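Q: Same order as they appear, the protein sequences are chains V and H.
Everything in the first sequence is counted per this note's numbering, starting at 1 for the first residue and increasing by one.
Everything in the second sequence is counted per this note's numbering, starting at 1 for the first residue and increasing by one.
In short, the hints are calculated from the structure, not lab data.
Hints may contain errors.
[Stated by the list, open to error] Covered by chain H, according to a simulated footprint, are these stretches of chain V (three or more residues, beta-carbon under 8 Å):
{"hint": "1", "stretch": "4-13"}
{"hint": "2", "stretch": "368-382"}
{"hint": "3", "stretch": "386-397"}
All values derive from a computational prediction rather than experimental measurement.
Each residue gets a CB set at the ideal place from its N, CA and C atoms; glycine is no exception.
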Amino acid sequence: MLTVKSKPTIIPTYNLTGDLLSYLKCPLQYRYYNKAALPPSKPVQLWFGEFIHGVMEEAYVRWKEDPRYKKFPWDWKNEIREIEEMINDRLNARGLHAYKKVFCEYKEGFEHPGKCGKLGHPHKFLVSERTDLAINSWGQHLFPLIEEVEIDLKGTREMINYQKNSDRSKYYGISGVADVISSIKIRDSPHGNLIIHYLHENPEIQRIIDATDQEEFEILIDYKGSRRPSSTLDLEGKTTEWHHHEWQILTYAGLRAQNKNAKPVIAGIIFYLNELFPSNRDLLDFQVEVKNGSTDVLPTGRDLMNINKWKHNRKKSQRSDNILSGELRSKRSIRIIPITQEKILESFSHFDNVVKDIEKSVQSEIRGNIIPSCWDARFIEKTCTACDAKTFCPNKECMRYSPQVP
Amino acid sequence: MIELNEYLDAVKNQLNIDIKNDNTDDDSTNGQYIAINTKFNECSFIVAGPGSGKTTVMTLRVLKLIFIDKIDPKYILVTTFTRKAAAELSSRVLGWGDQIKQHLIERSKDPDTQNTLKSIDFNQITVGTLDSISEKILRINREPGNPSPIIIKEFTSKAIITQCLLKHRWDKDDDLKAYINFLFGRKPDDGRLNFSDMVEKILSIYQRCNNDQINFAQYVENTEHKGARVLNDLLDEYKQKLDEKNLFDFSRLEFGLYKLLSEKRYSDDFLKNMQIVIIDEYQDTNFIQTRIYFEFAKIALQNGGSLSVVGDDDQSIYRFRGATVELFRNFPDHFSNSLHQTPRIIRLRDNFRSTENIVDFINKYVQLDSDYQNVRVNNKLPIIPSRSKTEYYNYPIFGLFRDDLDSLASDLADFINSLYVHNSKIIKDGELEHNIQLNSSEGSAADLCVLCPSAKERDYSDDPKLPLLLKNELERLNPKIKVFNPSGKKLSQIPEIMKLCGLILECIDPKKTVQDEIQSLPHKARSSFDEWRSEAQKFITSNPPALRNVVLYEFVNCWQQRKKRSNKEPIIEQNVSLIDLSYNLVTWIPFLMEDIEGLAYFESILRTMEDNILFSSYKSEIFVDATLPFSRYQKATVREAYWNIFVPIALGAIEIEEDLFETLPHDRLNIMSIHQAKGLEFPLVIVDVGSEFKITHEGHAFKRHPVKPSFDTIVETELRPFSQLENQLNIGGQNPRNIDRDFDDLIRKFFVAYSRPQDILLIIGLNPVRDGYSLKKGARREIKNIATGWDRKGTWIWGPGLNNLTHIRR
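Pulled out of the complex, with its shape left as it was, chain H reads as follows (with noise of 0.2 Å):
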């Protein structure tokens, strides 16, 4: 009905997209020709450089596939690595979708082709993350009688852990601890080991285990490290937890489905039907998804259609999560071994984002380290500069490099204020002088972005980072410039939120009574829990007006004296609600129930308490009784609350999640941590390369030149002999020795960043990152680091000064 010009001219028509056919069979060249018309049945491999308009050739490729192959929308499944993705390519295929379609039925003169074209429905097709499919698909095939999977999040599992940690006292454990030391490449008894540390390690080597299917069982009867059986019983009563009550972590989750698919117990119509699979963000696949992709490719090949992959090994970023990148360089083979099918490697080279210096500036970055160059895709070419020459000026790469972190984050914040206040900033370059301005009626300060290693505002010792001191100095100014960074501080350091819990401790645990009673709570909880209560003190004394008529203090007393607002009765035998109690009180901080932000932060505590509720036995709730004040079930229910609601909080264990800002003005300035920044572009990026790093320590040599391997490469190397996929998948071409995984990883993770931006890329750090520095004696000495040219051999190729960067001088 439909011919592929016709399909072509319409995209182009409509969405002023223009898919250029060189007219050859050179997928180098001619990729997104090539991706978005390969042949249904044919499956690809699609290794996407960065600003290649990956979705725009997803989706494209996708709708291609409906138009033209009359594939039926409801066997399409398109899967993404997050949900903000999968909305976005959702929304592409429906708003696109609607566009062409309506264009081609005014074209069309045939009145079956009218009706075919009207009765397509775009909201048929499956787009999602892998999470959210597998829990679709389970709930939809589950047996009869069979409940649905109650999905938990991170933070639930922390709990469960802590409480088996708890239980018994395997916290104390020496054993374990030297084990978790042992896989932090320290010594035994080392003592920086703390519990929230403890908690989080054991739940990324429990992850490890299912997303590579590691019999860890096994393991422990191969090695000699004690704490492992230790570790063995902790993750088998933390499954039996799970288990009691069908909850289902993400990667239970995802090997529920891994089970339906091999085991073929499914009956849905779309999972017998599916036609078309395809997978975005391969290079940040596990072991298990793999094979449920495989198991995918499977159903599709067997109706006729196809499998696709997309990805970019050099963005692969996450192997902390388990993504093992060595699945997308293999995937040609691992698939035609598997399935007898090889599929057609297609490269999209062209860069639609960044000016010429800047892609001229990564082309060089990833081919800096000889032996990295053996790690990635076999052939890769460097990416092309394709954007239109003359939308851009071609600015130099810049740098900001200062004495000291206090005069980083001033200059920094006195750049941004001249384009966002004054609307431009010229820097002088010898003779050139580089005008930037912000597009004077469009612009603002959401056009930048700070990318940090980590965006917290504070190191381990509390002391700030750049992130704060930057914030700082732009809340500073006339007109304040505001900032979004929502993972950069935690919520126990949220006044409102500190106020909050105050307020709540001294309601149901007046003079600490129980707070004192636990012997075992974590220092760093208890001094967060004073400051709290001490906040909370500060702010009923302040005397807030009385709202609804009702004062604050008579408030916090009723509950403390266990007696009734209205009649002053006493209480008897009661279970309140924490939920319940949170709301009342925040009739005092209208800040968390007006603000966008505060509402946020407010959702957050009021989803560890709900999520609480799931695997506590008093489910959040106070038993409270005027009689017994001091009862054993009383204070029994107060404990839990500190153990499973405010020590995570205080302990930094609850993450603010960035899909509650949905309705953020669009104004702030971003700060955000490289891997957030994953897929996303802005005009000006700004990369901190170094504002930490004064000298040479040992202690971050892993975040520019690693002197041992990390927890998760040791974690790695340890396990997988013992996984069960080891073999079926047949990974291989592993640098030999584990510390070139991290520097590996470094690479990667800069080159995302130095993507990021369109227009203008600005390096930024201490002086002793760019010149080196001096020792009392007077020798030098210099900071090796990747982000700064250094390869891992130790030889600086960008050489001290970087005078690959134009800087930007006082």
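Just chain V, same shape as in the assembly (with noise of 0.2 Å):
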């Protein structure tokens, strides 16, 4: 009898934000853009993504290297725009642009007249209102304590519920990029650092610090080129982005305490930057959390008022900051997410589940079965209308997609 063809070792490798936030948000719509890499055909949320990320390393590798970025605030047409160009010819260099509507693409000699039909230039568009709040609201604070910036963390689980026959690996590989990882020394820690102070406001993080006697802790933070996500279950009662985005820090955080050198990390940020400068869409739905009590930093005296009485209006459009204070957007653009042994556990045992998730679909494909009844549809309207999928998606709730033309 012939000997039976032995298959490879292979550990299956999933990134946090590649694949299991993606598969969270929809599991088929991962299949396709994640597992297959089909482009978008308009990709620019990836665009802002990418963008604000750039914008943000690149403005602090000024301020640390070159002196004449040492003092805020930093002048938006003189200092900033230039970073803003710089990062947008990268990207554009690999195909990714902005709708002109959100961010003037004119340059000196640039090649594509039409882009941004306005006189003037440069615009401070939407995208250019974020980055200079951005940098300049956040950026003096954070840019001291930063110790490194876009760190690689790796790490190697068993697979849940293993069965030799039908998984591909007793592991599997947990990837991620934190954006920067702070080194404080919290008892003494600069003065006047708004960061520092949200640390210190928060009960939870001061009940870690107090418990322990160290001086030295890290804290991870990543930027989100996006609003700050409803903080309730949906109305199926499943978990949202608001959880997804706590589980990724707690995740990174266990990560980073099996790297020898690492000191305790007792807090994780996220900046959900685009609350810095809301856009009308933005808007619309932080009306609908107020009303629904389904945000967790409400407005309250003027702000409150002025967003119930905010109508969007196409035509006459009025800047976000007339209508929310500096104070609020400041206070919804910062995530404080205190970190804990249990709740670090807790999140890989929620990552153990979605890749057993994948796994089985995994193996429903290998079994022979077609890619849509392998892996779920999910329907959340705002990612399913810029699905490029969603003209063919089983999803019920998908059937009112068309293909149009163009």
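Take the two lone chains and join them into the complex the hints point to.
A: Below is the structure:
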């Protein structure tokens, strides 16, 4: 009798944002965009995410290495615009472009007239308002605390309920890139630092600090080119982006803790940078959340009055900084996540289950089933409207989408 | 903390791998033990024969360095040749490492040792292909303000070369054509040189120049070929285009890494403190890669560590990609001359893969050509059959030869079917009977593999080849046997892709207005476009069901009229992404989104469009305006889509990546090229040594017994004197005659093929390859073929009839 062909030993590796968070959004969309890497037809969200990360990273490098950039605030036209152009050039070279209404792509000698038809370049459109505020409101507090940027984090986990004959591997790999790691001496921190202030204000973090005799700690920081998500479960009682972002930070902390040289990680911070200057769409979502009480940072006083009476007017849109105060926008743009061992274990366990679900779908494909029958299709209107698979998605709610010319 | 014996016990206990130690210092008999146990600061040169458990040895060596020598995993670098091999090696380190770690923790009574073991993180090891590692290092060590490199694939390089050729009409330049023909060993005006060959060979010369660090401008001054000057201009323009957009092809990426290392412009912790470097598949390395590895070695030695290279000169089959086997053969000398340390030579001769008969067969095969022995590693000894004899039946080497291609495909399909459906095939061998049976519980068609010199389903004149005929035969069976051969077919000939591309062309260029205006379209591309359009029209008229209340005819018609489907209003000044149009159209072609193979094909089309965004003017968008349907701008966007996207697809420049088939069912019969099979093993391997050779024809001599040097050999000979690295590396030892290198390569190629099987090797071809054939006048002719036991001098050592094989007859 012949030998049986041996199966290669391959441990599947999953990236926290590229795989696990994408899968949680919609498994079928994950199959197409992430596992198969089909390019999206309108990679605008991808552009903004990468743009804001690039701008923050470059701004930090300049602050660190060039004495001219030590003082805040930075002037948008003279100091920030140059960084924007540089990052946009890099993204353009990779085929990623912004919507012309949110970012002025004009540059001297630019070869595509018509991308920004207005006169008087450069314009400080929505995205530039955000970069200005991100650097000038958070950069000055964050940059002095930065220890490392873009840190690769990796780990290996055991596959839960491992079955030798059906599972591909007894283990799975998990990876991610933390945007920033800050090192702080919490009892001897820079005076007037807003980030430290927020950390001290958080009772849970204060408890963690009080319970240890350590002097130095680490804070993990993640920038998100999106708005602060609603903090409640969805209509079906399922977890949402809000919870998934927390799992992500906790898992980063767990992976970081495996590094021999790491100091204790006591908190994660997510900056939701859209909140610094919300778009009309963001304001609409916020208005609904305020009514439902489904967001954790609520407006009061004038902010509450303004958001309740605000009406979206396509023809005459109002600047969002005229509607919401700087204080509220700043508060909504920062989310602090206390890190404890129990929470880390819990988040790992969530992702163990997510990986198990992904592997089940993979096995189903290997058994010869067609792709849409192996992966759930989840309906989230905002995600689905921008999804290229919407015209053949089996989810009933997606039947509303049909092929369009163009 | 952990002793070697403890470690090897754990390996035996947890992994069931017994690394035997015969207590000698003899590399040639105690290879595995010595390779794993060599001191962490001693460099080694490991010559690993086929099936010698090379990956196991490398994994256990890495783990030994961590457990026993306490090397920090984050300062270990391992490079391999393919992403798949890297994933496998990394998975073994992680999986086996964890198993051994848990075992050692349980056994240890010392809390310090337990804590040290617990803190080991195997994820910190860097394992990857040189390209992925180069990209990472260049990204991390880029200077402030400098962007990360944007990596382009070969397709994009070809598209940029195409642009340069067409812009200056260099494709019509007689000097350039004559020069490329010269490198092919043809007459200057040989008409066989077509456009896509031209693009491919220009890229190949460019890569050779980078890999070997050729000063092409200096060469141009010293050559009488005027075409070399034209080529020089073209390559300058190509490089300029990459510079403009910060694009990096692989050879530029490697050069960037070499410069960074040699100029010591790095500051990251990993490079500064790297201690252990292990290079796999070193026999397929090129000049620039060797320089990179030597720079890595310098760092490792400075940090008190070492470099190990692993490979086998008999398995070097990538000369066409710049591989220079002499770099492997002469490694010990190069290394000691450059770095003043003599590496330990270790031979892994035990073959744990194949039966005794197969090992005996490959040993004889590789020693058959006396000239070949001169280019092998010094004192190379035969490999030793070491697979446990209780595990297998020692089948003879089988042969299956038939009069014509159809009979060969049909009888081969019968043979496979007997195994697959009846689970048994009895082969008579004189008085003996050999019963071949697949494993009754787990056996499947995946246990078999057909290896061909090329897995293409059709030849240049579109006639079917063995892979296609065999596939047709197997798929005709009941139950049918599915075949996996993604590189066998061209994207442009897959029915669903033809339909999709045809629909796109019908939408963006109705009535072929722009297509007809492009006079210089290659003939083959034009006929493909017409074929696609005809498929699309047939599909539209077949009236496929309306989807989401949209009829395909209506959708295409709206596009052609440039009006919106929702309100029938004319479309004014809109840029429409071809990617978006494709997604809309696949709504009617569900195969491309539902089936794993279909999705891989669709992905290849979309990635072609996406890559085009990197270097094109109109970014894979079509400008649409109903008021000016034939404006210059609209036409320009369509014309660019033809040249940059659809011409490459039609001419077969877009290859389907095998990585896209991760979840393909495991029960398919693999048909692949010998190159694709490198590093793989199968229980039963069928090797095609001559399904194409009915008579002696000079046109296919290069595939069996060359009569003139190949393109790659001529390029190598012509350009290498202008290499900046030639003196540094002092290659030497090359066969004096160019053509000898082609013979050497053919021998190696079939050595790789013959050493893949675990249980059965079946050699197939046409009868004239086995017996020779008669001419009309009655004279006999024999077909010289390295794969059937001829040497280069023209002696048929296996002899007519191939009596060393057991033939499967009807």
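Q: Which hints, by number, does the structure contradict?
A: Nothing - there is no hint that the structure violates, so all of them hold.
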